Every structure is written in structure tokens, then in C-alpha cells.
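Protein chains: 2
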Amino acid sequence: MDAKRSDSDREAGFEVGDDFRRFSQKDDIFCRSFWDPEVRSDRSDMFYETYRTPRMTWRPVDGFTQRDYALRNASWHVTDIFAELKGGEDRREGFLDPYTVGRDGPGSAAAVESPGEAARQVKHAARALGADLVGITGCDERWMYTHAYSRETETEKPQEVPAGLGNVIVIAQSMDRELLRTAPSALSGAATGATYSRDTIVLLAIEQYITNLGYRALASMNDSALVIPLAIKAGLGEYGRHGLLITRDFGPRVRLGKVFTDMPLAHDRPVRFGVKETCDICRACTDACPAKAIADAEPSTLVHNRSNIRGIRKWTTDAERCFRFWANQNTDCAICVRVCPYNRDFGRRGSRAWRWLAGTRLRRLALWLDRKSGRGRRLAPSRWWKAASQG
Amino acid sequence: MDAKRSDSDREAGFEVGDDFRRFSQKDDIFCRSFWDPEVRSDRSDMFYETYRTPRMTWRPVDGFTQRDYALRNASWHVTDIFAELKGGEDRREGFLDPYTVGRDGPGSAAAVESPGEAARQVKHAARALGADLVGITGCDERWMYTHAYSRETETEKPQEVPAGLGNVIVIAQSMDRELLRTAPSALSGAATGATYSRDTIVLLAIEQYITNLGYRALASMNDSALVIPLAIKAGLGEYGRHGLLITRDFGPRVRLGKVFTDMPLAHDRPVRFGVKETCDICRACTDACPAKAIADAEPSTLVHNRSNIRGIRKWTTDAERCFRFWANQNTDCAICVRVCPYNRDFGRRGSRAWRWLAGTRLRRLALWLDRKSGRGRRLAPSRWWKAASQG
Numbered sequence: 001m002d003a004k005r006s007d008s009d010r011e012a013g014f015e016v017g018d019d020f021r022r023f024s025q026k027d028d029i030f031c032r033s034f035w036d037p038e039v040r041s042d043r044s045d046m047f048y049e050t051y052r053t054p055r056m057t058w059r060p061v062d063g064f065t066q067r068d069y070a071l072r073n074a075s076w077h078v079t080d081i082f083a084e085l086k087g088g089e090d091r092r093e094g095f096l097d098p099y100t101v102g103r104d105g106p107g108s109a110a111a112v113e114s115p116g117e118a119a120r121q122v123k124h125a126a127r128a129l130g131a132d133l134v135g136i137t138g139c140d141e142r143w144m145y146t147h148a149y150s151r152e153t154e155t156e157k158p159q160e161v162p163a164g165l166g167n168v169i170v171i172a173q174s175m176d177r178e179l180l181r182t183a184p185s186a187l188s189g190a191a192t193g194a195t196y197s198r199d200t201i202v203l204l205a206i207e208q209y210i211t212n213l214g215y216r217a218l219a220s221m222n223d224s225a226l227v228i229p230l231a232i233k234a235g236l237g238e239y240g241r242h243g244l245l246i247t248r249d250f251g252p253r254v255r256l257g258k259v260f261t262d263m264p265l266a267h268d269r270p271v272r273f274g275v276k277e278t279c280d281i282c283r284a285c286t287d288a289c290p291a292k293a294i295a296d297a298e299p300s301t302l303v304h305n306r307s308n309i310r311g312i313r314k315w316t317t318d319a320e321r322c323f324r325f326w327a328n329q330n331t332d333c334a335i336c337v338r339v340c341p342y343n344r345d346f347g348r349r350g351s352r353a354w355r356w357l358a359g360t361r362l363r364r365l366a367l368w369l370d371r372k373s374g375r376g377r378r379l380a381p382s383r384w385w386k387a388a389s390q391g
Numbered sequence: 001m002d003a004k005r006s007d008s009d010r011e012a013g014f015e016v017g018d019d020f021r022r023f024s025q026k027d028d029i030f031c032r033s034f035w036d037p038e039v040r041s042d043r044s045d046m047f048y049e050t051y052r053t054p055r056m057t058w059r060p061v062d063g064f065t066q067r068d069y070a071l072r073n074a075s076w077h078v079t080d081i082f083a084e085l086k087g088g089e090d091r092r093e094g095f096l097d098p099y100t101v102g103r104d105g106p107g108s109a110a111a112v113e114s115p116g117e118a119a120r121q122v123k124h125a126a127r128a129l130g131a132d133l134v135g136i137t138g139c140d141e142r143w144m145y146t147h148a149y150s151r152e153t154e155t156e157k158p159q160e161v162p163a164g165l166g167n168v169i170v171i172a173q174s175m176d177r178e179l180l181r182t183a184p185s186a187l188s189g190a191a192t193g194a195t196y197s198r199d200t201i202v203l204l205a206i207e208q209y210i211t212n213l214g215y216r217a218l219a220s221m222n223d224s225a226l227v228i229p230l231a232i233k234a235g236l237g238e239y240g241r242h243g244l245l246i247t248r249d250f251g252p253r254v255r256l257g258k259v260f261t262d263m264p265l266a267h268d269r270p271v272r273f274g275v276k277e278t279c280d281i282c283r284a285c286t287d288a289c290p291a292k293a294i295a296d297a298e299p300s301t302l303v304h305n306r307s308n309i310r311g312i313r314k315w316t317t318d319a320e321r322c323f324r325f326w327a328n329q330n331t332d333c334a335i336c337v338r339v340c341p342y343n344r345d346f347g348r349r350g351s352r353a354w355r356w357l358a359g360t361r362l363r364r365l366a367l368w369l370d371r372k373s374g375r376g377r378r379l380a381p382s383r384w385w386k387a388a389s390q391g
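Protein chains in written order, with our numbering: chain A, 1 to 391; chain B, 1 to 391.
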């Protein structure tokens, strides 16, 4: 088992040491911004208030005007509804707790021809239900949070994912590239919110599909587990220097979600298309991050603070610095996504050619071409609003 | 005013007579399937039950097996959640009542540069929030239901859209073409459900965006008004022989929704791209309809039964025949959508060339080519499941 796990880790590029310790969601930077005085501040309280309180102006700066916040907060609306639906039960579904809005299944399970065929059909169904990318892997307890977090008591509460859900369907939803070009801005936050909304409805539908087949399924967005290692194992992409998943089809421009299930499903294998080697020599995100939160050095076991998981050799972001910048500017930031050379429209032939080049020994040329092209430059939010639109 | 209205009707191709009478939602075929013994039957009760009750098998026929119903019902799940959220208050939001899950706005309205600029920005925002097509028109009381329908009392209840919401933003969401190729089947019903789910989240987000700007807005899906005349006035497409909207970009393969608002917005104009002239000589839907529910003759003021609006010269479908077929086969039908020559992937150059040809005097050639191509043939549902899938 250990040998098998270490083979599988090697294939995924994971370097997990003997000092590895599982993570509790309480140490997630967003949870800490409520209970931990080292993170919570007037600015962080204000940051959350901008999502809740309609106001004419928060900052008299392009990208932070009323229309920008109006759009950002509208984009979060559906996810908020689900997050607040069971607030009276100390649940914040999609963020701190898995979803519990499913209907009951038929009571007995449909026969499965083979795990391979079942996996193929589940993926086909997931895409028909709106998933952009789908992969499947085994549930690995190392990536499960040791505990969930209660906003009511501001402390740990038990993990909810029941034993026996041995497989995880991981999905990635692509984010709007034009909105993200305006990062950092309240406007670019609309890409985040809109993608979470799509994530929510697709996860709920996949959960219900499996339930309707008679198996157990649990839809989960940001709660319950670290999703990036699961996504890598499920073949959705590689790990990038900025600590984000980089997918073949959308680069880092995705949000993730997962459905735990006991349905017998074949697993995918990790993919490699040169990201590690490119990130080794690229510093686009590191240099662009105003908070200096992104690794400049080799992968290491460095831990900045309690928001980092311990015992894994990797590029590690300083979540405290990152979040402080968010709080100070009253919205989330996605500069690292914007500047990442893999943030391209891969529907275009030129982008696919670039990806191919970045997968070869000519990747320095690929990075030079990317810098020269000006692709990662910020679009003024007022220009996004002016953009001619077709319909 | 009357002259202006009749100019505007002419531009939209509406022929509204003096005997015109507004429609009450109670006469909608779905409402009648509850209160009207002429429509309600054991088969129609069973039809609804298949959406609610998980079961291993409903019909031992390809396209109606467990996986087909599992996927169809999963696709409806999110819309169902919203439809049932306020069931205790005799509301079925999205179908019989407008949505009431919005947050409050800021209390005062953002200045609008001009209705034209405001309309452009609202459309741009709507597309960023996930709308496929967006158009704007004035609220026309002729298309508003005289009354809403109460499932609890099985009778009429007051219309809820408040006076003063003079503009309507109409959206169209495209439906999955591959799933629809399998119509009629429970499987193809997944295209309906998945599109309603997307419709719901986009309508709620647009409503919230306008609310956040300080204006009044009300999101509405199938409730409150007849949406097809509004969509035509808003420039989303033309009216087809099958009684459905035919859009330029997705043909008849859309579902519609609307947001009523008092925000000052410029209106769009109807579009014409040859649909009327093509439907005049095409009978693809009429011939393919197993229920013989679609008009074979010229537009007329014929009324089949109380589910038809009175006093409009148009192609009119027999909703009783149509729904009886749905009830008998335990799922919705979309054969008329599948066979419609405008049901194409207009992302492809060949399809755009076909649309151009169908807009010229060579439209008989276009229809002949369409028949020869086999485009509208049914795909066996089991082949949909077998289809190789990428991603």
C-alpha cells in the first residue's frame, strides 16, 4: 500500500515527507479572518461587508465603482443563497459544509458494467450537465480536512464526509477571461462569483445524477478537502508556482469542485504537459504579486504560517500576505491568474502552438514571446465596460 | 399611441385583431393538467411522478431507462429547489410565480448616462453573468398574464408584476444539441432541465445586478407573461411554424427568461432573417409531430382550445395534443426542435452558409439540402451514451 501510494505520488509529482500533517479548515485563511486576531482586522471586516452591503461607492477608483460592485455581488448571488440556506443550522454549504439539498435515491443501485464504463458515462453526463472538465480519482484521506469549521462557535467541528465514499469526481469550471483581464478590481471578482454559481449547480446536478442511480454521493465545493491535490490526481492539470492548478484547456483560469461517491469508478491518471518545467524558470506571478506572497525559490517544505499544510515539498504561497492585499483593496485579487502565461484562450490555434512550445526545451522562447506579446497586461475596468459587445 | 403600437406590431410581424383577449396562466396546458379533467389523466399524473420518484425503470425502451431518467431528473434539480423553496407560501417560483430571493438594493438609483448606454452595459453584464442572448423591449400588457395560477387552490390568483416596471430584459439560453438529437426520450429532457437551471441562475444574477444599481427588478422564467412575443420584440428571433422562437444563433434550441425593471433602457428592434418565408414553405415540424399538433396551413386566427390565446393571426399549436403525447411517453418531447432546419450549430461555417441561403429566394434549395443531409434524424439514446467524449 505504501509503495503503491508512493508510486502514485511520484506520478502526480507529490513529495510528501514523514512530517506531513493533515490540515484543519480552521486554519484556512478565510476561517482565520474570523477567529484569529492575527488575520482579522477592520479592513477584513470591511472586505466582507462589501459583499453584503449595497452602497453607492466603496472606492472612487476605476474598477471599484458602483457598477463594478453591483456586478460582482450579483455574480455571487446564487452561491450566497445556497451558502445561507441552512445558516440557522450552523451550515455554510459550499464553503464550510458540503451540500445537503439532494433528493433521495431509489434505494437500490443500478448495476455497473465495469468501473471504466461507469466512469466514462459519469463524465459524459457531467459534461452534459455543464461541467467544463471532469476527472476521477480515489478519495485520499491526506487531503481531507481533519475538521470542518463552525462559524457559530468559531472553532472546529467534525468532518462530515462519511466513510465509504471512496471515489471523488473532480470538476473544473472555466472563468471569464475578459473579466479577469481587469484584475485587480471588484469587476474581476465577478468572474469568481459567476463561476462559483455555475460550479454549484453542476455539482448539485452530478450529485443528484449519481443518487438517482442508487449510489451515495456528496457534493462539495470549498469545504471538506483540499481539492488541488485531488484535481492533480484526477488528471485535470499540474501544480503551478502560484499554488494554483494549471489545466491544459483553461490554464489557471478555473474554479474547482468535487463529488464524493461510493459508485465504482475507474480512476484517471495525472497529466504532464510541461508546467513544472515552465514554472521552474518563470516568475511572472512572483514578480507581479503586489503582496510578495508567491514563491521565488525552488519547491521546499517552507511553511509561512499556520495556513500552510506541513510536510510537502512544493511552491507555497503566503496566504496571510495574499489575504491582507484582498482586504486592503476590498475585493479578491487574481493578478497571478491574469499574468500566468498559461492564461490563454486555447480555442485559438496560436495559444495551442504556444502551449506546445512551452512543453519543449524551447520554453524560454515561449516565455519571452509571452512577455513581448503583452498578453498579461491589465485591461482598465472602464474599458471592459466600453468593450463593443455582440449578442 | 395606437398607431405607434400598430407600427411596432407590423415590424415584429404581429397581427393582433380586435377580438384579442389576454391570457390567464390558468389556461396554460400545464396548469390545466392539474385542474381540468379534460387534460388531467392517470397518464399525466404518472408523467409528473417520473420527475419526482426515483425508480429503477419506467419503460423498458432505449432512452427511457434508469440512467436516462437519472440524468433528466438531475438536470432539473436546481430549478426544482428554487421552485419548491417557497412551496409553503403557495409559490412555485420560476414556473407559476416570479422569483423572490433577491437581496435589497442600496436605496437610491445610480445615474444613467443615457438609456442607450445603460442598455449596452446591462447586456454586457448579462452576458458576463452567463446569458447567451440578451434583448430589451418595453413591457406590453397584452403579453402579461391576466392572472397567475395557484396550485393550492387550483384557481386564479392576482398577477404579481408591479406597475411601473416598464422594461423587460429578455434572455435566451441555448440547449444542448447532442441531447436533443435523441428526442423523443427521457434523455433529451436533460437538455430542458439543464437549460432551465442555467436560466434560473442567470435571471437571478441579472435581477440582483439591477437591484444593486438601485433600480427595481423582478426575475421571471415561465410565470407572469408570454415570453415569445416579448423575445421577438426584443430582437432575439422570429416566430416559427412550431410556435417556438427561432433565433439566429441557436435556431429554436433555446429556453427563455425575462427580468422586468424600471431602469431606463433603450429598446431593441425585431430582427428578420427569413424565418417566416422559410416556415411558409417548410413542413418539417408539422410532418414529424407524432401528435399532429402543429399547423399545416397558413397563419390564421384558429383556436384549438382554451390553451390558445385569442385574436392573433399566427401558426397555432394544439397544446392538448402536444401534452397528451408527453404524458403518454412519460417525458417532454422536442421532436419539432430536433427536425427544425434552423436547429444547427451556427459556430460552423456550413451552418452559417445554410442560414444565408435560407434567407434568399433559394430557400427551397436550402430545405432540400437539409433533408438530404440527414441532419434532423434521431440519434439512438444508447448511442449518445456510447459517444466518445473528450475533455
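Hints in this document: simulated from the structure, not taken from any laboratory. Computed from a predicted structure; not experimentally measured. Take the hints with a grain of salt, since some may be wrong.
Identical copies go unnamed one by one, so any copy, or any two together, can satisfy a pair.
Once the Cα atoms are required to be at most 20 Å apart in a straight line, the calculated EDC-like pairs of lysine to aspartate or glutamate come out as [as the list claims (entries may be wrong)]:
{"hint": "1", "residue 1": "K386", "residue 2": "E113"}
{"hint": "2", "residue 1": "K386", "residue 2": "E38"}
{"hint": "3", "residue 1": "K386", "residue 2": "E156"}
{"hint": "4", "residue 1": "K386", "residue 2": "E117"}
{"hint": "5", "residue 1": "K292", "residue 2": "E117"}
{"hint": "6", "residue 1": "K157", "residue 2": "E277"}
{"hint": "7", "residue 1": "K157", "residue 2": "D176"}
{"hint": "8", "residue 1": "K157", "residue 2": "E141"}
{"hint": "9", "residue 1": "K372", "residue 2": "E11"}
{"hint": "10", "residue 1": "K276", "residue 2": "D9"}
{"hint": "11", "residue 1": "K386", "residue 2": "D268"}
{"hint": "12", "residue 1": "K276", "residue 2": "D18"}
{"hint": "13", "residue 1": "K386", "residue 2": "E178"}
{"hint": "14", "residue 1": "K372", "residue 2": "D45"}
Each hint tested on the structure:
Proximity of K386 to E113 under the C-alpha cut-off of 20 Å is restricted to the inter-copy arrangement: shortest distance 13 Å between copies versus 54 Å within a copy. For a Cα distance limit of 20 Å, the shortest separation of K386 from E38 qualifies neither inside one copy, at 41 Å, nor across copies, at 54 Å. In this assembly of identical chains, K386 and E156 lie within 20 Å of each other by CA distance neither inside one copy nor across copies; the values are 47 Å within and 45 Å between. Proximity of K386 and E117 under a CA criterion of 20 Å is satisfied inter-copy only: 9 Å between copies versus 48 Å inside one chain copy.
Taking CA atoms no more than 20 Å apart as the test, K292 paired with E117 passes in neither setting, with 46 Å inside one copy and 39 Å between copies. Proximity of K157 and E277 under a CA criterion of 20 Å is satisfied in neither setting, with 40 Å inside one chain copy and 66 Å between copies. Taking identical chains as interchangeable, the C-alpha atoms of K157 and D176 are never at most 20 Å apart, the minima being 35 Å within one chain and 41 Å between chains. Taking the shortest alpha-carbon separations for K157 and E141, only the intra-copy value of 17 Å comes in at or below 20 Å, while the best inter-copy value is 54 Å.
Taking the shortest alpha-carbon separations for K372 and E11, neither the intra-copy value of 34 Å nor the inter-copy value of 51 Å comes in at or below 20 Å. For a Cα distance limit of 20 Å, the shortest separation of K276 from D9 inside one copy, 15 Å, qualifies, whereas the shortest one across copies, 61 Å, does not. Proximity of K386 and D268 under a CA criterion of 20 Å is satisfied inter-copy only: 19 Å between copies versus 43 Å inside one chain copy. In this homomeric assembly, K276 and D18 never come within 20 Å of each other (Cα to Cα): the closest approach is 23 Å inside a single copy and 72 Å across copies.
In this assembly of identical chains, the alpha carbons of K386 and E178 lie at most 20 Å apart only when taken from the same copy (12 Å versus 36 Å across copies). For the identical chains of this complex, K372 and D45 are neighbours neither inside a copy (40 Å) nor across copies (65 Å), given an alpha-carbon limit of 20 Å.
Of the numbered hints given earlier, the model fails hints 2, 3, 5, 6, 7, 9, 12, 14; all others are met.
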